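Novice: The chain contents come next:
2 protein chains.
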Amino acid sequence: MSGILSDDALDTLFRNARTHNAWTDKPVSDDLLHKLYDLVKWGPTSANCSPARIVFVTSKEGKEKLAPALSQGNLAKTMSAPVTAILGYDVEFYERLPDLFPHDLTAKTWFNWSKEWAEQTAFRNGSLQGGYFILAARALGLDCGPMSGFDMAKVDEAFFAGTTVKVNFLCNLGYGDPKGLFNRSPRLPFDDVCKIV
Amino acid sequence: MSGILSDDALDTLFRNARTHNAWTDKPVSDDLLHKLYDLVKWGPTSANCSPARIVFVTSKEGKEKLAPALSQGNLAKTMSAPVTAILGYDVEFYERLPDLFPHDLTAKTWFNWSKEWAEQTAFRNGSLQGGYFILAARALGLDCGPMSGFDMAKVDEAFFAGTTVKVNFLCNLGYGDPKGLFNRSPRLPFDDVCKIV
Numbered sequence: 215m216s217g218i219l220s221d222d223a224l225d226t227l228f229r230n231a232r233t234h235n236a237w238t239d240k241p242v243s244d245d246l247l248h249k250l251y252d253l254v255k256w257g258p259t260s261a262n263c264s265p266a267r268i269v270f271v272t273s274k275e276g277k278e279k280l281a282p283a284l285s286q287g288n289l290a291k292t293m294s295a296p297v298t299a300i301l302g303y304d305v306e307f308y309e310r311l312p313d314l315f316p317h318d319l320t321a322k323t324w325f326n327w328s329k330e331w332a333e334q335t336a337f338r339n340g341s342l343q344g345g346y347f348i349l350a351a352r353a354l355g356l357d358c359g360p361m362s363g364f365d366m367a368k369v370d371e372a373f374f375a376g377t378t379v380k381v382n383f384l385c386n387l388g389y390g391d392p393k394g395l396f397n398r399s400p401r402l403p404f405d406d407v408c409k410i411v
Numbered sequence: 215m216s217g218i219l220s221d222d223a224l225d226t227l228f229r230n231a232r233t234h235n236a237w238t239d240k241p242v243s244d245d246l247l248h249k250l251y252d253l254v255k256w257g258p259t260s261a262n263c264s265p266a267r268i269v270f271v272t273s274k275e276g277k278e279k280l281a282p283a284l285s286q287g288n289l290a291k292t293m294s295a296p297v298t299a300i301l302g303y304d305v306e307f308y309e310r311l312p313d314l315f316p317h318d319l320t321a322k323t324w325f326n327w328s329k330e331w332a333e334q335t336a337f338r339n340g341s342l343q344g345g346y347f348i349l350a351a352r353a354l355g356l357d358c359g360p361m362s363g364f365d366m367a368k369v370d371e372a373f374f375a376g377t378t379v380k381v382n383f384l385c386n387l388g389y390g391d392p393k394g395l396f397n398r399s400p401r402l403p404f405d406d407v408c409k410i411v
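Chains as they are written, first to last, in my numbering: chain A, 215 to 411; chain B, 215 to 411.
Rather than coming from a laboratory, the hints here were simulated on the basis of the structure. Quick caveat, the model's predicted, so the values are computed rather than measured. There could be a bad hint or two in this list.
One copy or two, it doesn't matter: identical chains are merged, so the pair holds either way.
Taking lysine-lysine and the PhoX-like style, the derived pairs with C-alpha atoms no more than 25 Å apart in a straight line are [stated by the list, open to error]: (1) Lys291 - Lys393; (2) Lys240 - Lys393; (3) Lys409 - Lys240; (4) Lys409 - Lys277; (5) Lys409 - Lys380; (6) Lys380 - Lys249; (7) Lys274 - Lys409; (8) Lys279 - Lys409; (9) Lys393 - Lys279; (10) Lys368 - Lys274; (11) Lys322 - Lys274; (12) Lys380 - Lys329; (13) Lys409 - Lys368; (14) Lys322 - Lys291.
Isolated chain A, as found in the complex:
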């Protein structure tokens, strides 16, 4: 059943992909954002809880609403990116479990008994979906610029006020200009990260 990806595909997803800081003028269509979600949604989450919620900021008005929350180092590149995705997670994701996990209608009670457990589940699985998001974007030929350098409370206030969604991270999307790349940082060797027991 399983295929193995080509070396070219592995390069696109992992080995040659870089975090981009400068963007070409090439636009990103709404249609491509729909295609992106239609991949991300299939990634596995605990009990299919699917807590990620996404705001794609594409308009000048949207960018201006986001700007005051950004750290100085992330401002210019975010203003110039065709799209800035705000990745959030719904801490009351369990309200959708009757739709998402229809074969056991008690699934909601596995999470809503504890606010702390529900939030931890939303954060873990919303972040897993963040990983799927970045790789799905690359798979569709987009470049990514994920960022944690921003004021979370300000983003929540500007984009998620009155909801149960909290921001997780931001991710610029577009077609990167390689002139803006930093030197690639080293990675830890297998034995510093992994053990086989």
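Chain A is fixed; fit chain B onto it per the hints.
Specialist: Frame of chain A; chain B shown alone:
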């Protein structure tokens, strides 16, 4: 610079991939686990902080150490999987930043000023790396069975005692037997998850 993946590759990663519950006898070599890490490590993290830590449980002894922590529903499938990966994250990941972010030796101080912020960063980025892990495994032809149904304190005690690593989730790895698949659960429509502003 960017390629676009083939439909077959997108099927392997996202559209046809399933969470597996039963495993064929086909083994998973240590070499393949090294190949897996050599993809996962390239996924982006905040300041390249790379907090994920992984224990690949492959031996009978390792499985027996893990068994008491598993929920009843996850026990048999985990015992029969060729590999169970324990995905954890190091809450003191910042100690490695001089290696990981060599162009700014103050990077450590961006995280170690607050235990809460460091832990949140480790959990977010360790979970992003969990997303990369699942998709990298699929890219190499493996099937995955990620799980949150286990006793976290027991896993920490059995595998991470005396370290600064905390367990995040478990993921069985191998070649799935499609007879063990559940019916696929529905996903939320674009408009319930995403907004374009």
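Novice: For each hint, tell me whether it holds in the structure or not.
Specialist: Hints, one by one, checked against the model:
1. Lys291 - Lys393: This pair counts as within: shortest intra-copy Cα distance 13 Å, inter-copy 49 Å.
2. Lys240 - Lys393: Within. Shortest intra-copy distance 15 Å satisfies the 25 Å Cα cut-off; inter-copy 46 Å does not.
3. Lys409 - Lys240: between (43 Å within a copy, 21 Å between copies)
4. Lys409 - Lys277: Cα proximity of Lys409 and Lys277: across copies only (14 Å, versus 44 Å in one copy).
5. Lys409 - Lys380: Result: close only across copies, 15 Å inter versus 34 Å intra.
6. Lys380 - Lys249: within (24 Å within a copy, 35 Å between copies)
7. Lys274 - Lys409: Close across copies (15 Å), not inside one copy (48 Å); limit 25 Å.
8. Lys279 - Lys409: Between copies, since 15 Å is at most 25 Å while 45 Å is not.
9. Lys393 - Lys279: neither (28 Å within a copy, 50 Å between copies)
10. Lys368 - Lys274: Within one copy only: 18 Å inside a chain, 50 Å across chains, cut-off 25 Å.
11. Lys322 - Lys274: For Lys322 and Lys274, neither the intra-copy (39 Å) nor the inter-copy (35 Å) Cα distance is at most 25 Å.
12. Lys380 - Lys329: Classified as both: same-chain Cα gap 14 Å, cross-chain 20 Å, threshold 25 Å.
13. Lys409 - Lys368: between (40 Å within a copy, 18 Å between copies)
14. Lys322 - Lys291: between (40 Å within a copy, 24 Å between copies)
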